[in-house]
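J.: What follows is each chain in one-letter form.
Protein chains: 2
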Amino acid sequence: MEGYRILEIKQSVFENNDREADKLREQLKKDRTFLLNLMSSPGSGKTTTLRQTIAALKDEFKIGVMEADIDSDVDAATIEKTGAKVIQLHTGGMCHLDAGMTRQGLEGLGVDDVDLAILENIGNLVCPAEFDTGAVKNAMILSVPEGHDKPLKYPLMFSICDVLLINKIDVMPYFDFDLDKCREYALRRNPNMKIFPICARTGEGIDAWADWLREQTNAWIKG
Amino acid sequence: MEGYRILEIKQSVFENNDREADKLREQLKKDRTFLLNLMSSPGSGKTTTLRQTIAALKDEFKIGVMEADIDSDVDAATIEKTGAKVIQLHTGGMCHLDAGMTRQGLEGLGVDDVDLAILENIGNLVCPAEFDTGAVKNAMILSVPEGHDKPLKYPLMFSICDVLLINKIDVMPYFDFDLDKCREYALRRNPNMKIFPICARTGEGIDAWADWLREQTNAWIKG
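Respectively, the protein sequence lines represent chains A and B. Heads up: the first sequence runs through residues -15 to 207, numbered per our numbering. Heads up: the second sequence runs through residues -15 to 207, numbered per our numbering.
Source of the hints: derived by calculation from the structure; they are not laboratory data. Hints are not guaranteed to be accurate.
Copies of the same chain look alike in the list, so a pair counts if it fits in one copy or across any two.
[To be verified] Restricting the straight-line Cα-Cα distance to at most 20 Å, the calculated cross-link-like pairs of lysine to aspartate or glutamate (EDC-like) are: (1) K(-6) - E114; (2) K165 - D57; (3) K165 - D154; (4) K65 - D133; (5) K178 - D162; (6) K121 - D99; (7) K65 - E114; (8) K165 - D2.
Only chain A is shown next, with the shape it has when bound in the complex:
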């Protein structure tokens, strides 16, 4: 039997999502839990990146992961092996999570013993960008095979993210991916965006990203 729960998330009843998100952040501050919302396209490497991130930070923080998926639980099974606390959220076809749904997930996960909570959002560059989940910071992954033009095509996602992880840099020689152009396009959407090129499979670049996340988490839970 698996050690993780599967929670069927219900549609939110709140009319004002932004207000719910602010309330959730206030609660997280009181609970001394940092929440990261991790977004990307399908197949860009969210789960592998998460595994490496947990490996880098698990000795310093108690980590809890919410794996949102339409109805599978392959990711929760993978993350469970890292030793992190994990819950699988099923959205029943819904293409995003809002603050009310994230709150259900956090309640299911239980954050009393969690310093760093990470929401692996639905694989989708469109809808998740439109809903504040209540996370303290938003991060997204763009993988090299997807192309450097994506900030032009999914502008909202790039503009609301604090961090861009450019993943699968090991396959750069096999794709027409221009890292400088990608940076330029992304910074056009959000000039304050932090950009970390990584290879989640090999662990390359994970240290710099983990340093950033460590700093943010400490500032939130000790601040």
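Assemble the complex: chain A is given as a structure, and chain B must be docked to it using the hints.
T.: Leaving out everything else, chain B in the frame of chain A:
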């Protein structure tokens, strides 16, 4: 000045999308226009696949392309160079097209002189699967870097598609992608799915896919 129009699509007013989709298909049958709805994740190669498909079929059919995008027009500019008729549809943030929106696009494109119309849907494996656009057939692209497990994670998309194009097979040696497993998982969602491995960049495998599309188009416009 570009030779293509940009059309701002309005939200549909119809309550029953399935009925609108059926009405649109009846109209397309009368107009002798075949409509293909092409879907995928961001960056899986829809536009490059479309370029190759147009090159393979442009001597036999008059081809019209609708490029749906949230607000850019990079794809329409690319497709215009193929010589196909093209219109850029802006969805204003909406994550899918339904039948009413597709009808607006077809009216903007003009189908009197079009045998084969292709809708390049929004890059998203979730929401577009939920709305019948009125297309005669649905096709999707999954690219090798996205991983062979995607039929497990985006079940609805795989179950509603008549065709699966597995793209970027040239980079298979650099990824842990199991083609047999991908076929097995996809056929579990839809046992009648046609599966074509392709490399849109080099043109590999495009002939078999173009043969299928030729046959379907002829059956519809001459039947």
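J.: Take the hints in turn and mark each one as holding or not.
T.: Taking the hints in turn, this is what the structure says about them:
1. When the C-alpha separation of K(-6) and E114 is checked against a cutoff of 20 Å, the pair qualifies both within a copy, at 18 Å, and between copies, at 18 Å.
2. Only between protomers do K165 and D57 lie at most 20 Å apart by alpha-carbon distance; the minimum there is 17 Å, versus 36 Å within a single protomer.
3. In the homo-oligomer, the alpha carbons of K165 and D154 lie at most 20 Å apart inside one protomer (18 Å), although the nearest pairing across protomers, at 24 Å, exceeds that limit.
4. Taking the shortest alpha-carbon separations for K65 and D133, only the inter-copy value of 18 Å comes in at or below 20 Å, while the best intra-copy value is 35 Å.
5. In this homomeric assembly, K178 and D162 come within 20 Å of each other (Cα to Cα) only inside a single copy, at 17 Å, whereas the closest approach across copies is 34 Å.
6. Only within a single protomer do K121 and D99 lie at most 20 Å apart by alpha-carbon distance; the minimum there is 14 Å, versus 49 Å between protomers.
7. Proximity of K65 and E114 under a CA criterion of 20 Å is satisfied in neither setting, with 32 Å inside one chain copy and 33 Å between copies.
8. For the identical chains of this complex, K165 and D2 are neighbours neither inside a copy (33 Å) nor across copies (42 Å), given an alpha-carbon limit of 20 Å.
The earlier numbered hints that this structure contradicts are 7, 8.
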